[in-house]
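Q: As a plain string of letters, each chain reads:
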Amino acid sequence: MIHTPMGPAAPSPRPLPSPTASPSRPARQSTGHGQDSISSWPLMDRVGYLLCWAAGLLLCALAAGIVLVMFVKGISYLRPGLLLEHPSASQSQSGSGGFLDPIEGTLLLTAIGIALAAPIGVAVAVWLSEYRRPAALAQAVESGIEMIAGAPSVVLAFFGLLIFARPSLAFLSQTSAGGAVYGRSFFAAGAMMSLLALPLVVSATREGLAQIPAHMREASYALGKTRATTIRRVLLPSIRPSIASGTTLGMGRIIGDTAIVVILLGASLHLEGAGGTPGLSTLRGTGSTLTSYVFENSPAGEGNAPEKAYAAAFVLLMMVLALNMVVTRLSSGKPRWLAGLTGPMLWRWMPWRD
Amino acid sequence: MGPPPVRRIVVEREPTVVAPPPSNGRPAPLPDAPMGAKVTERMRIENVSLAYGDRWVVRDVTLPVREGEVLALIGASGSGKTTLLRSLNRLTEVTAGATRAGRVTLDGQEISDLEVTALRRRISMVFQQPNPFPMSVFENVAYALREERRGGRDEEHRGGWRGRRRAGRKELEPAVVEALQRAGLYEEVKADLNHPALRLSGGQQQRLCIARALAANPEVLLLDEPCSALDPISTATIEQLISRLRESVAIVIVTHNLQQAFRVADHVAFMHLGELVEYGSSDQVFDNPRQQRTREYISGAFG
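Protein chains in written order, with this note's numbering: chain A, 1 to 354; chain B, 1001 to 1303.
Rather than coming from a laboratory, the hints here were simulated on the basis of the structure. Please note: incorrect hints may appear among the correct ones.
[Unchecked claim] Here are some chain B residues the structure puts well away from chain A; computed CB gaps all over 10 Å:
| no. | residue |
| --- | --- |
| 1 | Val-1057 |
| 2 | Ala-1118 |
| 3 | Glu-1147 |
| 4 | Asp-1192 |
| 5 | Pro-1232 |
| 6 | Gln-1291 |
| 7 | Arg-1295 |
[Stated by the list, open to error] Residues on chain B that point at chain A, a partial pick, calculated with CB under 10 Å:
| no. | residue |
| --- | --- |
| 8 | Asn-1089 |
| 9 | Arg-1121 |
| 10 | Gln-1129 |
C-beta atoms are modelled at their ideal positions from N, C-alpha and C, and glycine is treated no differently.
Please put together the full structure from these sequences, using the hints given.
A: Shown next, in the form of structure tokens:
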């Protein structure tokens, strides 16, 4: 399983014009290479250097291996029809249908998770970076976010099950004939998934805010603007690329998680609605995602349809790789079109635009 | 020893109408009231001391800020001149632990008694680094024009939710254009009003910041070393601009650059280690300083 990088790896946004970036500094010669030949190094340094080199090479080979194997296996088993057919329970691999439902499940779950995580994450980050009052609470929130970021998703899922199986939250999932609340639904899984994405959104947003020089804020205050207006109209628009890349990283995190799907979404074969209201019934119902589909169909699971698992894993891998590419492009800040695409799209709907 | 031989950019200028300050040799000699009939005192800094925590960075400074003239604050780094400047629009309050003693008045009113967003529309500021916001040229100025809604609903926004609509481009355009013209930038950017402001050159960006600061028609303009990040040509343009703006707005400029102070200022206040050492007309301070420390500073002995 490919997981997107976590924690401090949240990429930096398009750099603002830095006050210290003066062109006068002469380009320094790069050190390390070309200074001396390796044969003149002490033995330990040479061994160390070779080990580093080998480690890098190994990692490279591993990544290439994963992509290559999944590509070859995936392509060979993947038919376009698989993407469009509903799965069905069958003993034979040829009869078990495609994985339309898991794909829908992945998209829906990611949408719910990020729709919760992005606004909350941005709000928390703004409060932590710009207000920080009371300081004790800010520190508590910071450690709380760190805790969530470090918590294994299976623990979050289990915790979520405890919460969403409460009778008072029955309206978010299904209730059995005996009156027991299942606590498994897109709502429940989406809410817990948002916790996976939240730390990524928060850290990317905070990094973006930290890069805005203080005089930018002061310039806005000096025009008679309040702190809130400054945040809405100056700071948040400037860090759009950071927010977008944090959000995208978070989406990758959600797409790649299995434990929450198995425990809180039911990992059912189809999207099973609950209740009559269309739309709402799906959200209250159970389903599966590509990750749970791969798990169930792999030799480790019950379906025992490795061909389907390979094909689904390939689709999953492509989705995550595509997201990672988006992140890289967003954080490099080069192509305006991408930032321009995601930024305004998210932005136009935001109520905080005056 | 006189000032460095520099040519004044504005050659024709009326001599400033101030009575010669008393030259009894004591520090901080100060004219108390507006002297000439032509200059009215807009702001008054009275016995102002400023501290960050328990570290006093400005001590007991008294200065007038007059309409129609440029006041330059000069002095070495750490002399408290920027802090003093920032206290005039209460921007020091952004820093935790900053305190002020003494009075600062704008048209006779203590600035602490004024609502801060309204105050800063009357006393605006331009910073050392050109810092246009990451929006279009037009929006940068329009942003400064829009007033903060105060708590509750005032007349303008009685329309409820619909009344919250922000002023549109049509309504703001004349004021934006005027501000850009006053900052001498309009001719250069009139075709690119919708381009990102960050694409302008450094000097243009700084003039955009000046336009932004002028947009709300302030009475006082504070300039915190506005040219220190600019090349000589842009600097000259901005100095000319300052001389032109002097007519319509009281200007206080902090500068490291003595030649610049000499070129643009009508009055000069020399500060050292938080104290006001000497205040006088530009000619007097540069040609005939009364204080030993002023003489040393402008002759380049320290600073």
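Q: Could you tell me which of the numbered hints above are not met by this structure, giving the numbers in increasing order?
A: 2, 3
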